[in-house]
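Novice: Next come the chains, spelled out residue by residue.
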Amino acid sequence: DQQVKQNSPSLSVQEGRISILNCDYTNSMFDYFLWYKKYPAEGPTFLISISSIKDKNEDGRFTVFLNKSAKHLSLHIVPSQPGDSAVYFCAASEAGNQFYFGTGTSLTVIP
Amino acid sequence: DAGITQSPRHKVTETGTPVTLRCHQTENHRYMYWYRQDPGHGLRLIHYSYGVKDTDKGEVSDGYSVSRSKTEDFLLTLESATSSQTSVYFCAISNPIRDLRSYEQYFGPGTRLTVT
Numbered sequence: 001d002q003q004v005k006q007n008s009p010s011l012s013v014q015e016g017r018i019s020i021l022n023c024d025y026t027n028s029m030f031d032y033f034l035w036y037k038k039y040p041a042e043g044p045t046f047l048i049s050i051s052s053i054k055d056k057n058e059d060g061r062f063t064v065f066l067n068k069s070a071k072h073l074s075l076h077i078v079p080s081q082p083g084d085s086a087v088y089f090c091a092a093s094e095a096g097n098q099f100y101f102g103t104g105t106s107l108t109v110i111p
Numbered sequence: 001d002a003g004i005t006q007s008p009r010h011k012v013t014e015t016g017t018p019v020t021l022r023c024h025q026t027e028n029h030r031y032m033y034w035y036r037q038d039p040g041h042g043l044r045l046i047h048y049s050y051g052v053k054d055t056d057k058g059e060v061s062d063g064y065s066v067s068r069s070k071t072e073d074f075l076l077t078l079e080s081a082t083s084s085q086t087s088v089y090f091c092a093i094s095n096p097i098r099d100l101r102s103y104e105q106y107f108g109p110g111t112r113l114t115v116t
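Chains as they are written, first to last, in the numbering used here: chain S, 1 to 111; chain Z, 1 to 116.
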């Protein structure tokens with residue numbers, strides 16, 4: 001049973017616009033979340049994290065929002081660039097123990 | 001980038017043969033993990049280690065064993081490979097700092113294993 005879900009397998013966005021990637025989770029004990037970016041034939045690259053004591057975390061063009069009541073988090077990329085085209089995974093854990101990953105969203109940024 | 005290498009990067013083997021994948025890190029991170037990635041499943045944890053000789057099972061541990069005799073090396077063994085173990089295997093490392101709520105994991109480049 002998938003505890004972390006990314007319901008959009010793919011997303012296309014124009015260069016310069018905002019990309020919003022969504023992630024839902026079912027376990028209310030999850031309190032730490034990660035986002036990864038993955039290019040083909042490479043390992044996932046860590047992007048940004050958020051813990052449940054916050055509802056927002058920013059790092060440059062990347063912002064993660066956490067809505068604990070809805071068990072939902074989102075990754076905003078603005079402005080989107082062609083190099084952002086990749087598969088994005090969210091992951092969740094309870095106190096940094098075993099992480100559960102979503103199935104990924106493939107982002108295409110159109111020049 | 002974190003210093004993580006995996007070997008081999010590609011392997012084709014036959015059903016029933018033993019296979020060992022190696023993960024090597026130069027970051028002196030305490031925790032090491034093995035994941036598999038399959039279409040429709042994302043990444044799933046197989047086993048992890050929280051120190052030399054200290055290991056525990058993950059979500060999909062059946063058919064796999066691990067060993068960690070040195071901080072820098074974490075081995076994943078398929079005792080008798082099956083076609084369902086065809087996958088891409090990723091190693092990851094982390095150095096959790098609970099007081100700072102810092103639990104990021106850093107991944108290696110992956111090993112593509114095909115069991116025929």
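FYI, nobody ran anything at the bench for these hints, they're computed from the structure. On a predicted model such as this, the values are computed, not experimentally measured, just so you know. You may find that some hints are simply not true.
[Stated by the list, open to error] Below, in silico cross-link-like pairs of lysine-lysine (DSBU-like), each with a Cα-Cα straight-line distance of 30 Å or less: (1) S/Lys5 with S/Lys68; (2) S/Lys54 with Z/Lys70; (3) Z/Lys57 with S/Lys5; (4) S/Lys5 with S/Lys56; (5) S/Lys56 with S/Lys68; (6) Z/Lys70 with S/Lys68; (7) S/Lys56 with S/Lys38; (8) Z/Lys70 with S/Lys38; (9) S/Lys71 with Z/Lys57; (10) S/Lys38 with S/Lys71; (11) Z/Lys11 with Z/Lys57; (12) Z/Lys53 with Z/Lys70; (13) Z/Lys53 with Z/Lys11; (14) S/Lys38 with S/Lys5; (15) S/Lys5 with S/Lys71; (16) S/Lys71 with S/Lys54; (17) Z/Lys57 with S/Lys38; (18) S/Lys54 with S/Lys38.
Novice: Each of the hints needs a verdict: does it hold here or not?
Specialist: Hints, one by one, checked against the model:
no.: 1; hint: S/Lys5 with S/Lys68; verdict: holds, 15 Å
no.: 2; hint: S/Lys54 with Z/Lys70; verdict: violated, 37 Å
no.: 3; hint: Z/Lys57 with S/Lys5; verdict: holds, 22 Å
no.: 4; hint: S/Lys5 with S/Lys56; verdict: holds, 20 Å
no.: 5; hint: S/Lys56 with S/Lys68; verdict: holds, 11 Å
no.: 6; hint: Z/Lys70 with S/Lys68; verdict: violated, 39 Å
no.: 7; hint: S/Lys56 with S/Lys38; verdict: holds, 22 Å
no.: 8; hint: Z/Lys70 with S/Lys38; verdict: holds, 29 Å
no.: 9; hint: S/Lys71 with Z/Lys57; verdict: holds, 26 Å
no.: 10; hint: S/Lys38 with S/Lys71; verdict: holds, 24 Å
no.: 11; hint: Z/Lys11 with Z/Lys57; verdict: holds, 24 Å
no.: 12; hint: Z/Lys53 with Z/Lys70; verdict: holds, 8 Å
no.: 13; hint: Z/Lys53 with Z/Lys11; verdict: holds, 26 Å
no.: 14; hint: S/Lys38 with S/Lys5; verdict: holds, 17 Å
no.: 15; hint: S/Lys5 with S/Lys71; verdict: holds, 11 Å
no.: 16; hint: S/Lys71 with S/Lys54; verdict: holds, 13 Å
no.: 17; hint: Z/Lys57 with S/Lys38; verdict: holds, 25 Å
no.: 18; hint: S/Lys54 with S/Lys38; verdict: holds, 25 Å
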